[in-house]
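Could you put together the complete structure from these sequences and hints?
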Amino acid sequence: MKSILAALLVAAACFAAANAFAADNPAAKKAAEAKATTTCQDCHGPKGDSVSATFPRLNGQQAAYISAQLKNFRDHSRSDPHAQAYMWGMASQLDDSLIAELGSYYAAQTPTPPQSGGALAAEGKQLYLSGAPAQGMPACVTCHGAHGEGNSIIPRLAGQHADYLKKQLEAFRSTLRENDIMHANTKDMTDSQIEALVSYLAND
Amino acid sequence: MTGRRTRAQWSARLVFGLFVIAPAALPQSALAVPSYARQTGLACEACHTVFPQLTPFGRVFKASGYTLFNTQKVEDIDRTKQSTLSLSDLPPISAMIMAGTSFAAKANDPDSSKVATDFPQQASLFYAGRISDNIGAYFQLTYDDQSGTIGIDNTDIRFADVATVDGHNVIYGLSLNNNPTVQDLWNSTPAWGQPFIGAPSMQGPAIPGAQIEGAMAQIVAGVSAYTYIDNSLYIEAGVYRSALQGASVADNGNTTNNIISGVAPYWRAAYEWDWGKNSWEFGTFGLSAALDNPITPAGNAVNVSLQNSPSDHFLDVGLDSQYQFIDDEDQLSVDARWVHESQNLDASYLAGFASNKNDRFDTADVTASYYWHRKLGASLGFFTVSGSNDPLYLGTISGNSNSNWATAEIDYLPWLNVKLGLQYTAFMRFDGATSNYDGMGRNASDNNLLYAYLWLAF
Numbered sequence: 001m002k003s004i005l006a007a008l009l010v011a012a013a014c015f016a017a018a019n020a021f022a023a024d025n026p027a028a029k030k031a032a033e034a035k036a037t038t039t040c041q042d043c044h045g046p047k048g049d050s051v052s053a054t055f056p057r058l059n060g061q062q063a064a065y066i067s068a069q070l071k072n073f074r075d076h077s078r079s080d081p082h083a084q085a086y087m088w089g090m091a092s093q094l095d096d097s098l099i100a101e102l103g104s105y106y107a108a109q110t111p112t113p114p115q116s117g118g119a120l121a122a123e124g125k126q127l128y129l130s131g132a133p134a135q136g137m138p139a140c141v142t143c144h145g146a147h148g149e150g151n152s153i154i155p156r157l158a159g160q161h162a163d164y165l166k167k168q169l170e171a172f173r174s175t176l177r178e179n180d181i182m183h184a185n186t187k188d189m190t191d192s193q194i195e196a197l198v199s200y201l202a203n204d
Numbered sequence: 001m002t003g004r005r006t007r008a009q010w011s012a013r014l015v016f017g018l019f020v021i022a023p024a025a026l027p028q029s030a031l032a033v034p035s036y037a038r039q040t041g042l043a044c045e046a047c048h049t050v051f052p053q054l055t056p057f058g059r060v061f062k063a064s065g066y067t068l069f070n071t072q073k074v075e076d077i078d079r080t081k082q083s084t085l086s087l088s089d090l091p092p093i094s095a096m097i098m099a100g101t102s103f104a105a106k107a108n109d110p111d112s113s114k115v116a117t118d119f120p121q122q123a124s125l126f127y128a129g130r131i132s133d134n135i136g137a138y139f140q141l142t143y144d145d146q147s148g149t150i151g152i153d154n155t156d157i158r159f160a161d162v163a164t165v166d167g168h169n170v171i172y173g174l175s176l177n178n179n180p181t182v183q184d185l186w187n188s189t190p191a192w193g194q195p196f197i198g199a200p201s202m203q204g205p206a207i208p209g210a211q212i213e214g215a216m217a218q219i220v221a222g223v224s225a226y227t228y229i230d231n232s233l234y235i236e237a238g239v240y241r242s243a244l245q246g247a248s249v250a251d252n253g254n255t256t257n258n259i260i261s262g263v264a265p266y267w268r269a270a271y272e273w274d275w276g277k278n279s280w281e282f283g284t285f286g287l288s289a290a291l292d293n294p295i296t297p298a299g300n301a302v303n304v305s306l307q308n309s310p311s312d313h314f315l316d317v318g319l320d321s322q323y324q325f326i327d328d329e330d331q332l333s334v335d336a337r338w339v340h341e342s343q344n345l346d347a348s349y350l351a352g353f354a355s356n357k358n359d360r361f362d363t364a365d366v367t368a369s370y371y372w373h374r375k376l377g378a379s380l381g382f383f384t385v386s387g388s389n390d391p392l393y394l395g396t397i398s399g400n401s402n403s404n405w406a407t408a409e410i411d412y413l414p415w416l417n418v419k420l421g422l423q424y425t426a427f428m429r430f431d432g433a434t435s436n437y438d439g440m441g442r443n444a445s446d447n448n449l450l451y452a453y454l455w456l457a458f
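Sequence lines, in order, name chains A and B.
Letter by letter, the first sequence follows residues 1 to 204 in the working numbering.
Letter by letter, the second sequence follows residues 1 to 458 in the working numbering.
Everything labelled a hint here was simulated from the structure, so no lab data went into it.
Among the hints, a few may not be true.
Stated by the list, open to error - Partial list, derived from the structure: chain B residues whose beta carbon lies under 7 Å from chain A: (1) Ala43; (2) Val60; (3) Tyr143.
What the hints assert, rightly or not - In silico BS3-like links for lysine-lysine, alpha-carbon gap of 30 Å or less: (4) A:Lys71 - B:Lys73; (5) A:Lys71 - A:Lys30; (6) B:Lys73 - A:Lys125; (7) A:Lys47 - B:Lys277; (8) B:Lys106 - A:Lys30; (9) A:Lys71 - B:Lys277; (10) B:Lys106 - A:Lys29.
Computed from a predicted model, the values in this text were never measured in an experiment.
Glycine is no exception: its CB is placed at the ideal position from the N, C-alpha and C atoms.
Here it is as structure tokens:
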């Protein structure tokens, strides 16, 4: 597990460096803001704060994560149902510089705070901070940060829609959304553990 | 009371029913267009719960002039680097076929069959998509097996743009269209309202809907300006005038009745609340039209020189509401509409074709539909029309056209663009009576109809 985490952190650092390099492009920045405010916001909401849980919040999301996902949509390497229905088309004509600037645009927006409260959220916090060693489930905090803020290609989870988080965890667990690391981390999670974790992280 | 109608009167009324007042609460053609999916790269579910019902994103796509695209373009610029051409590399062409067979409780008359099969019931070609950066179209050409002809069907050509004003997202535009409410964004207004399809053989009451509920479809041209702010507040105003197909110059003949005198103002205002996976819209819409040389529901036509022709005036005021719950597993929609029509029948009354100078007419309907995984669906709708007693104008035995009916339907979609449906319509009251409404022993329930259909869009 440690070697997987090390590899992931090295990849994240490289991606962040590449993204920072690509992000200095005024024309692309202007185009990205126009794209975000005239197209993306129709689903993801003004400044990325979406209303419907069908569409994830992007405000305050990690720039490198957004860039990586847009490229995965563009080359179809992410192929869960919503990716195919919505994002394959939306990302098909985006170039790398526009993608990088879209990531920067949303990363700069104020994130939605999590609502965590209640007994279920307390259980979720325990899972988030300590994992479930008996099930081989590592602590989420290791990669996703002390406050669920994410890190580079590791996404922000805090303040996301509950239903969106739940469906992603279920999709990782079933491999509907393909990601070896997240499948390994979720494959033994129970539905109630998912509910608890989501109630700690989400805002709905 | 009018007593029994002559064959000529029945024929006139049939013509009126089929071509002059396309049934409103009765089924109209309405659909989704796959060329939009090809243009955007988005699956049907982005814009539709199940076609033809729009999602919040589908409403924005329509308000934005059908211009969102994610394909390669053929482009040109002038010397100032301004775009002069921006064509999608894929022509936005689509096709649609409807076929069906229906079984009536009782044949319309002793010479008719209870069973009718329509193949195709309707076949359409569309140009539906982007024309330039800010202009898009929904243009439909339809073969209709009832008339055996090809004609212009629903058409909506738009200019649209978007701006940020004081932090608000403001979509604004113009629509040039041929059917009041065809440009609308919700499925609770007439042009795209429930039920979305029905058997051509189904009988409709003397007045199945108000003027704005289909009577003007494809025989008018209108232009309207609209704005859609923060995907919530929608305001639109426009005017319509007559634009008869095959008769661009209106002369004084049998084909130039119901001509709009001048222009008919149209308005629409709506507000949509979105929360979580829910949306709720409430709105108003309406039309004020003076019709020269009107034809009455009884089939009597005023025919004098159009230069000096008298007119009947119709003021339609509608309220509508739509609730939607949409997620991957469940899709629920409830649409409701009420229209009040004030009828000033000066022309018909003067000609001796109406008993009253002023009549009223109301329609109301509500339909709930549920889909499971966009694959299996069921819907239930209730419809009612009621109005003044005017035997001369309506030509019914009862003197009114008060009718109530319900429609139940189950659907199966093996693919998102293929719909198989089974629909049953039951009439509780027809033209003011539950039994013997035509004086010849026909009961309301004799018009009950079972209808099976196939609907393909590709």
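Which numbered hints does this structure break? 3, 6, 8 and 10
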